[in-house]
Amino acid sequence: MPTTEPTTVKDENAAPDRSTEKNMAPAEGFGALMRWLWTQITSMRTALLLLFLVAVAAIPGSLIPQYSQSSIQVADFKREHPTLDKFYTPLGMYEVFTSPWFSAIYLLLFLSLIGCIVPRIKVYARALRTPPPRLPSRLDRLAESSAGTSELSATEALDAAEQWLREHRFRVLRTEPDAATQGISAERGYLREFGNLLFHVSLVFVLLAVGFNTLTTYKGSTLVVEGQGFSNTITQYDEFYAGALVDSENLPPFSLTLTEFTARFETGEVQRGAAREFRADVKVTANGTTADQVIEVNRPITVQGVNVHLLGHGYAARVTVRDGNGDIAWSGPVIFLPQDGNFGSSGVIKAPDARPERLAFEGWFLPTATVDEKGPRSLFPDAYNPELFLNAWAGAPKQETGAPENVYVLDKTGLKQVSAANGTVVAFRLGVGETFELPDGRGSVTFDRWQRWTKLQFSRAPGLPWAFGSLAAAVLGLCLSLFVRPRRLFIKVRTDEASGRLGVDVGGLDRADARTGLSDDVAALAQAAGLTPPPDEPPADEPSVDETPPDQAQHDLEQNSEQGARP
Amino acid sequence: MTLAELSSLGIVTSAVLYLVAFIAHSGEWAFLRGIGTDEDDLDTRVTSDHTAQRVRSDTWGRLGIGITVIAAAAHLLGVVTRGLAAGRAPWGNMYEFVTAALAFAVVAYLIGVWLFGARWLGIGMTLLLALGNGLAATVFYVAVAPLVPALHSVWFIIHIVAACIAAAAFNIAGIASILHLAKQRAANKAGGEAGLVGFLSRTPSLRAIDTLAYRSVAFGFPVWTFTIAAGSVWAEYAWGRYWGWDPKETWSLVTWVVYAAYLHARATAGWKGRAAAIIAVIGLITFWFNFIGVNLLINGLHSYAGI
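Taken in order, these protein sequences are the chains called A and B. So the first sequence is residues 1 to 567, counted in our numbering. So the second sequence is residues 1 to 307, counted in our numbering.
What the hints contain is simulated information worked out from the structure, not anything from laboratory work. In this text the structure is predicted, and so the values were computed from the model without any measurement. Heads up, some of the hints might be wrong.
Stated by the list, open to error - One-sided excerpt, in silico: chain B residues whose CB lies under 10 Å from chain A:
1. V148
2. V233
3. K248
4. L253
To be verified - Some chain B residues well away from chain A (every beta-carbon gap over 12 Å; in silico):
5. L6
6. T13
7. W29
8. R33
9. G34
10. A52
11. V69
12. V144
13. A150
14. S153
15. C164
16. I178
17. G192
18. V281
19. N290
Said to hold, decoys possible - Covered by chain B, per the in silico footprint, the following chain A stretches (three or more residues, Cβ under 8 Å):
20. 60 to 68
21. 247 to 261
22. 301 to 312
23. 468 to 477
Ideal Cβ placement from N, Cα and C applies to all residues, glycine included.
Input sequences plus hints: build the corresponding full structure.
Following this line, the structure appears as structure tokens:
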């Protein structure tokens, strides 16, 4: 402890000093080893190391494709970098944020945090009940001090000072009336440590809330074509995730119908083709009532506690397929999945009931179609010239097995690509209303009209209000811990030998990073006690950033390291 | 001239003027080369009189501030007219975000100059401003356009204003920390702070620079925490998930963690000065990488129209 320490006040708020144990080698026995480990984990040095490790460990997750973001990108990466893949797969580099090593780091960090915060809460609780420190022997050695005489009596001066201090929300400790030295110690800024503790405890609660949310959340998505509906049962979802505590068989009952989906794109010179508006008009039926509602990108709706988000959109082609017998084998919307920014979309039309041969078509929906040297492609995301580019497949009828089949992929077993008489593969384009007749009377396909579909996400996240509430508390705590100024002020009265009047000493110090306003407080307190400074001693100026006295600097360092404002 | 053209003119003018201001501040440094503090002149062993150089240096410094004020006016004009031209807050793409964030930074800096005599930050600030606005005007520029639907939200204001304020604070902390490292290096060579000559001897003490850096981070950190929290709330509205390890989100967290480490290191482990300054510089690098690198190098949800 430096000898320049400007005050003899012992800091009662100080956390227990662990530095002496910190570097000790493990003593004998299992208990001692555990204690040593615990000391290591909760030490500041470890916490800092873990913080840096979290930062470093998160980086690969942002640079290497992740399954959670896009499994297609992961597959591409694996194909392009087989050597790297040999190392990445065992290391879990494609799912960094759920990997054991990443989890280990942040769990250790939180363990360290808890290990540090619990003893500090105890210390703080004690400090709250402890009165301000006793008067130091010399006030002129404090960071800011002032001395002079007062016309008031000792009791009057101290009463006035006490009143001022209480008005300024200081905690006050006045000496006993019979004590040799009369004076007041005062302290404020207890909220700083409170804020610090609140911040750290809130972070733990954020983690708990996120964990709770993972167990109780569910999230599913589905594609809904205009005019079609969705009802909230698990079988209607394309993708579905549910936490361990969710009863997936009993989802809140409701249904909705997509009446219209509106998409608008930039048609001006600047950012041509950029999205401008997405809007889903839906009819929602819940509890026996039906209501019209609108879902937009930043405006999800809530039905029966389930949030419905608008996540995407695309095009569906309404087609009619007639078979070789002239019967309608398929009629309805077929969803095409967008593959590029201009919504060139791929899809498959299946007509398994076509006879004598079953039929299937594979190809592209191009909303603003053109054919140039790059082949058929879409020039704009909106449907200005929608066309289908298809080729056809035919084969013997298949036994109905009931096994689920991917509607977006054509299983080509038992199918043969349809060719013309001269052997060239049949490939054709269809505008809206046009029909293509397959060769050899195999049937035909008509592009009746186009429609939009939207991807809706249905989710419940019961832990989220808790997580966001905890986050808000964390930000509040952070502000308190960084902006509240803990300050101690002291005033002492004595009989001035020379003048026979009342001598008054006032002093103060800040207990955190040097803040402005200390000299103002000291001057105001002195004024409250009726102090007139001796003529040869001008009142101290406000210390500016670069004039902070070295004593104060030393004090800050010492106080901070002692107080342990961490983890 | 349309509002949009006026805006572009403002930004380009400011970039050029910031560069001129940087040159002026470089002059301020150059004229003090090898010259010690005022006290050295009083030392009888030092025979030469450096008053002329001091005056010249000071003139260049004042000139630098004057030009910066004019540049800042053009800059603010550019940002405001851009917002008026677009009919929305002017931070919908990278060009706008860089210019808007730097507008916050220059205002913070000029207030610092006015109230606390922070002119010594001038050389770093003007370089940053000239580079930032120059890059924005040449590389990131996109014409005025409306927003994509994902940005139609009140959080567009809250989240990004918070990010801009945090950016201003972190940049000032970063510049102060770089200066701290430079000054300490020079001081070590000169055998102590008292032995320093040139411009570095005129900057505040190492401790005061350190304190400024600390205060900037202490101010920026809660704002940044709020930025991330607000972003998370917004993501829940817009994308239906509060956190998805999108590259931008990941790097925001990395930045947050680095500054958290800075505060911990300073508050508890007593790492003041050099060690803390290094962490602050690392923090600023992660911040800038998140700001620019993630948009340019990595494909994520935060890559909007154009850049």
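Each hint tested on the structure:
1. V148: Result: holds, 5 Å to nearest chain A Cβ.
2. V233: holds (6 Å)
3. K248: holds (9 Å)
4. L253: Since the shortest Cβ distance to chain A is 6 Å, the answer is holds.
5. L6: Correct as stated: the minimum Cβ-Cβ distance to chain A is 17 Å, above 12 Å.
6. T13: Answer for T13(B): holds, closest chain A Cβ roughly 22 Å.
7. W29: holds (19 Å)
8. R33: holds (23 Å)
9. G34: holds (23 Å)
10. A52: Check passes; 26 Å lies beyond 12 Å.
11. V69: Check passes; 22 Å lies beyond 12 Å.
12. V144: violated (7 Å)
13. A150: violated (5 Å)
14. S153: Nearest chain A Cβ is 4 Å from S153(B), so the label is violated.
15. C164: Since the minimum Cβ distance to chain A is about 17 Å, C164(B) lies beyond 12 Å and the statement holds.
16. I178: Holds, since 18 Å exceeds 12 Å.
17. G192: It holds; G192(B) is separated from chain A by about 14 Å at its closest Cβ, greater than 12 Å.
18. V281: holds (14 Å)
19. N290: Since the minimum Cβ distance to chain A is about 9 Å, N290(B) lies within 12 Å and the statement is violated.
20. 60 to 68: holds (count 5)
21. 247 to 261: Our answer is that it is violated, as 0 residues pass the Cβ test (under 8 Å) against chain B, missing three.
22. 301 to 312: With 3 residues close enough to chain B, the hint holds.
23. 468 to 477: holds (count 5)
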